[in-house]
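*Asks:* Sequence:
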Amino acid sequence: MGRGKIEIKRIENSANRQVTFSKRRNGIIKKARELSVLCEAHVSVVIFSSSGKMSEYCSPSTSLPKILERYQLNSGKKIWDAKHEHLSAEIDRIKKENDNMQIELRHLKGEDLNSLQPKELIPIEEALENGVRCVREKQNDVLRMLKKNERILEEDNKRLAYILHHHQLTRGEYEGHGTCI
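Using UniProt numbering, the letters of the sequence shown correspond one by one to residues 1 to 181.
It cannot be assumed that every hint is accurate.
Okay, derived cross-link-like pairs now, PhoX-like style, lysine-lysine, Cα gap no bigger than 20 Å in a straight line [what the hints assert, rightly or not]:
(1) K9 <-> K30
(2) K23 <-> K9
(3) K66 <-> K23
(4) K5 <-> K23
(5) K66 <-> K77
(6) K119 <-> K109
(7) K83 <-> K95
(8) K66 <-> K78
Don't read these hints as lab results, they were simulated from the structure.
Remember, predicted model here, so these are calculated numbers, not experimental data.
Using the sequences plus the hints, can you model the full thing?
*Replies:* Structure, rendered in structure tokens:
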């Protein structure tokens with residue numbers, strides 16, 4: 001005697017829903033694996049739970065990107081939308097920007113300057129002079145701080161020497177006033 005058909009609708013109890021999801025997910029992945037082995041089919045299954053957790057299966061003889069590429073070729077449908085194309089263009093733009101920054105960095109280091117026109121050397125010279133000025137200012141700040149600390153230490157040293165000297169004098173007075181026989 002077979003099971004009766006159940007109505008397909010959302011399971012309200014979250015614990016029951018999770019158990020059903022796990023069992024059915026495992027069943028679908030098992031069937032995909034069997035189809036791949038028995039029929040040498042290229043199969044890929046991607047499942048997302050309601051919590052966002054991903055489960056997947058892909059035939060050992062292929063990969064998901066290869067299957068998606070074949071799907072796109074056979075169906076004529078474009079998988080990658082305008083957002084992906086925009087991201088790809090943004091990546092290309094950032095790569096070019098990075099290349100330009102690498103060239104600029106080499107120029108600032110004094111490398112590859114022979115290919116530049118005298119006009120192009122002026123901003124590099126200005127940037128280097130500005131950098132030298134900033135380094136000198138920082139060095140002067142550090143030097144001022146060191147001199148200030150040196151003065152403070154010298155004053156502390158003088159104060160401690162005075163205290164030590166005063167302590168020795170006071171001690172000497174007590175030793176001089178010892179008992180006489």
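*Asks:* For the pair supplied as a hint, K119 and K109, confirm whether the alpha-carbon distance does not exceed 20 Å.
*Replies:* It holds: about 18 Å lies between the C-alpha atoms, which stays within 20 Å.
*Asks:* Is the straight-line distance between the alpha-carbon of K9 and that of K30 20 Å or less?
*Replies:* violated (23 Å)
*Asks:* Starting from K66, check that the Cα of K78 is at most 20 Å away, please.
*Replies:* holds (14 Å)
*Asks:* Against the 20 Å threshold, does the CA-CA distance of K83 and K95 hold or violate the hint?
*Replies:* holds (18 Å)
*Asks:* Holds or violated: K66 and K77, Cα atoms, limit 20 Å.
*Replies:* Within the cut-off at roughly 15 Å; holds.
*Asks:* Is K66 close enough to K23, meaning Cα to Cα at most 20 Å?
*Replies:* Roughly 28 Å separates the two Cα atoms, so the pair is violated.
*Asks:* Would the hint linking K23 and K9 be met if the CA-CA limit is 20 Å?
*Replies:* holds (16 Å)
*Asks:* Holds or violated: are the alpha carbons of K5 and K23 at most 20 Å from each other?
*Replies:* This hinted pair holds, its Cα atoms lying about 17 Å apart.
Hints 1, 3 from the earlier list are contradicted by this structure; the remaining hints agree with it.
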